[in-house]
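Asks: As a plain string of letters, each chain reads:
Protein chains: 2
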Amino acid sequence: MNKKIVVLSGGVGGARFLEGLIQIIPQGKLFIIGNTGDDEQFYGLHVSPDLDTVLYTLSGVVNAKQGWGFKNETYNVMQQLTNLGNNDWFKLGDKDLAVHIHRTNLLKQGKKLSEITDELVGKFGLTVKLVPMTDDSVKTFIKTAHGRISFQEYFVKNRWQDEVLDIIYSSAEKTKPAPGIIDAILSSKGVIISPSNPLVSIDTILSIPGIRAALIKTKAKITAISPIIAGETIKGPAVKMMKEMGIEASALGVAQHYRDFLDVMIIDTKDKELKRRIEKLGIKTVVTNTIMKNNKIKKELAQIVVNTV
Amino acid sequence: MNKKIVVLSGGVGGARFLEGLIQIIPQGKLFIIGNTGDDEQFYGLHVSPDLDTVLYTLSGVVNAKQGWGFKNETYNVMQQLTNLGNNDWFKLGDKDLAVHIHRTNLLKQGKKLSEITDELVGKFGLTVKLVPMTDDSVKTFIKTAHGRISFQEYFVKNRWQDEVLDIIYSSAEKTKPAPGIIDAILSSKGVIISPSNPLVSIDTILSIPGIRAALIKTKAKITAISPIIAGETIKGPAVKMMKEMGIEASALGVAQHYRDFLDVMIIDTKDKELKRRIEKLGIKTVVTNTIMKNNKIKKELAQIVVNTV
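So the protein lines, in turn, are chains X and U. So that you can map any letter, position 275 of the first sequence is 275 in our numbering, and since no number is skipped, the others follow by simple counting. So that you can map any letter, position 15 of the second sequence is 15 in our numbering, and since no number is skipped, the others follow by simple counting.
Some hints here could point you the wrong way.
Once the Cα atoms are required to be at most 30 Å apart in a straight line, the calculated DSS-like pairs of lysine-lysine come out as [what the hints assert, rightly or not]:
#1 X/71 / U/71
#2 U/139 / X/111
#3 U/272 / U/65
#4 X/112 / U/108
#5 U/123 / X/91
#6 U/157 / X/123
#7 X/157 / U/111
#8 U/91 / X/123
#9 X/176 / U/108
#10 U/111 / X/111
#11 U/111 / X/112
#12 U/112 / X/111
#13 U/112 / X/108
#14 U/157 / X/108
#15 X/111 / U/123
#16 X/91 / U/71
#17 X/108 / U/176
#18 X/143 / U/108
#19 U/143 / X/108
No lab work stands behind these hints, which were simulated from the structure alone.
Let the hints inform the model, and build the full structure from the sequences given.
Replies: Printed below as a string of structure tokens:
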């Protein structure tokens, strides 16, 4: 059977979930839609943080402690760029930079980001399908009291200390999904919304015209894993951002956020008292251990999610 | 007095000569015109080999053994680029790559190569004036039996094994000299043609409209150091290229090549029997030790050259 499981993924959280998933279903059965709203030009090089985090994590070369970048990385180019007077708030390792140089060079030659990503998947020894949400340019901006800043500026440079007044998926309305995405959703065996930031990872993907409609239309089951556990996240600013945007920062808030298309919600045992309230929304709710602190739990979570779709 | 000494320079040979020169005259008195005909895009990055060799050599960070690139260099990015399937015939170190990333980024932002070079000179702690021959694009091609190839392909990839049928300074006729060059030549205290390859370093500079005419017009003395000593060069393909182009591969051949504008020729003691024949061309000839095998000889040579202009 040719039907694939589609996964919407941001960076670290999504990649960690996918790490479990590829241990229980063949990579060839996976169609991963990656967020590119956080893509940025650094030193003139095109950086796709979320696509790379998925690539590096699934191929086992990631710096597992920080969740992104390569393990055993060096920073020789970065040191020299800093010596030459460049800003150094976005630190790129040497192996990582090679990927950005390679990608930027191919983009300059006219290749599409989706073609380049496909090629990189092979170079990293993977057989999943990994597709950027779009080949067009979308950029996530954060509106703050002192103006509009890029997501990376908010996230890395300012360490998410600014109050979020609004989130803008700039130019999203002019884009279209990368080739294959709509078909994959409509014909999929199931769709998984990974435990990524709902506002700046998943919503960014949903901002691409046609993707949300395809999720609503597909006959496949759609399951989300809550990135919020007992009012907190493992990593990153999701809770703070949701509160500032007036969204309840809980698994219930996430379920409400996705209720347009969501069939099943996976929540942590710490949130079991939310099950009844989520099910009232018409969303089947599964309670399990969602903190992927070891590979056993990672695989068990993946199996539970796969069983729902 | 504000008059400067102008030096036309290619890569390694020119840089080594300049290393002596900055020890006997203040850097601020030097106006160096660098060859950019060998500039190339590698992995989408703009590489200016000759400008960088001058920068790295004069600032003391060069790999003295090979004559180009940084000392204590690493190749971590290159290794990864090769892993990603890129051609690896042009090896760029990490520190070196940082310079190319920086330069390419500034070019993309609309800065001129001359502005960027000026800024790099400062970052490398130098006070010489170093100016690319032009801000426009000129590319040296070598015509071979199997077609036209770029200079770097001829030089690095094919290790100058092809027979040179012709040398093409592509688009040179459409370019103009970088700001300040013509004025510097016309108002200079003296002009030095460094011991660089006459065909692919100096002639490339001379291919920029206006530069040769300024050399003919200037009242300043013009002195060249022969890169050919007893029919050989210290490094590189000058002798082979000259022979294949039908030019006598000797200090006499070099003097004849520059006779339009040349006042003084510096030749090696090994070539002392050529002195009379060069002087017959109306070119004053100084015989000295031109093999810069240690710093003492380098400085002595520089002093002798400076005394002639």
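Asks: Look at each hint and say if it fits the structure.
Replies: Do the hints match the structure? See the list:
Between residue 71 of chain X and residue 71 of chain U the alpha-carbon distance is near 26 Å, which keeps this suggested pair within the 30 Å criterion. A C-alpha spacing of about 25 Å is found between residue 139 of chain U and residue 111 of chain X, which places the hinted pair at or below 30 Å, so the restraint holds. In summary, the hint linking residue 272 of chain U to residue 65 of chain U is supported, as the alpha carbons are separated by about 29 Å, within the 30 Å threshold. A threshold of 30 Å between alpha carbons decides the hint, and for residue 112 of chain X with residue 108 of chain U the separation of about 20 Å falls inside it, so the pair holds.
Pair hint residue 123 of chain U plus residue 91 of chain X holds up; C-alpha atoms about 20 Å apart against a cutoff of 30 Å. Distance check on the hinted pair: residue 157 of chain U and residue 123 of chain X sit about 25 Å apart at the alpha-carbon level, within 30 Å; holds. Pair hint residue 157 of chain X plus residue 111 of chain U holds up; C-alpha atoms about 26 Å apart against a cutoff of 30 Å. Between the alpha carbons of residue 91 of chain U and residue 123 of chain X the distance comes to roughly 20 Å, so the proposed pair stays at or under 30 Å and holds.
Annotation: proposed proximity of residue 176 of chain X to residue 108 of chain U holds, straight-line Cα distance about 27 Å (limit 30 Å). The hinted pair formed by residue 111 of chain U and residue 111 of chain X meets the criterion: a straight-line CA distance of about 26 Å does not exceed 30 Å. Only pairs whose Cα atoms come within 30 Å are accepted, and residue 111 of chain U paired with residue 112 of chain X is accepted, the gap being roughly 27 Å. For the hint pairing residue 112 of chain U with residue 111 of chain X, the CA-to-CA distance comes to about 27 Å; that is within 30 Å, so the pair holds.
The hinted pair formed by residue 112 of chain U and residue 108 of chain X meets the criterion: a straight-line CA distance of about 20 Å does not exceed 30 Å. At roughly 23 Å between alpha-carbon atoms, residue 157 of chain U and residue 108 of chain X fall within 30 Å of each other, so this suggested pair holds. Proximity of residue 111 of chain X to residue 123 of chain U is assessed by CA-CA distance (about 35 Å); at most 30 Å being required, the pair is judged violated. Restraint check: the Cα-Cα separation between residue 91 of chain X and residue 71 of chain U comes to about 24 Å, which is no more than 30 Å; the hinted pair holds.
Distance check on the hinted pair: residue 108 of chain X and residue 176 of chain U sit about 27 Å apart at the alpha-carbon level, within 30 Å; holds. For the proposed pair residue 143 of chain X and residue 108 of chain U, the alpha carbon gap of about 27 Å is at most 30 Å, so the pair holds. Only pairs whose Cα atoms come within 30 Å are accepted, and residue 143 of chain U paired with residue 108 of chain X is accepted, the gap being roughly 28 Å.
Going down the numbered hints, you'll see the structure goes against just number 15.
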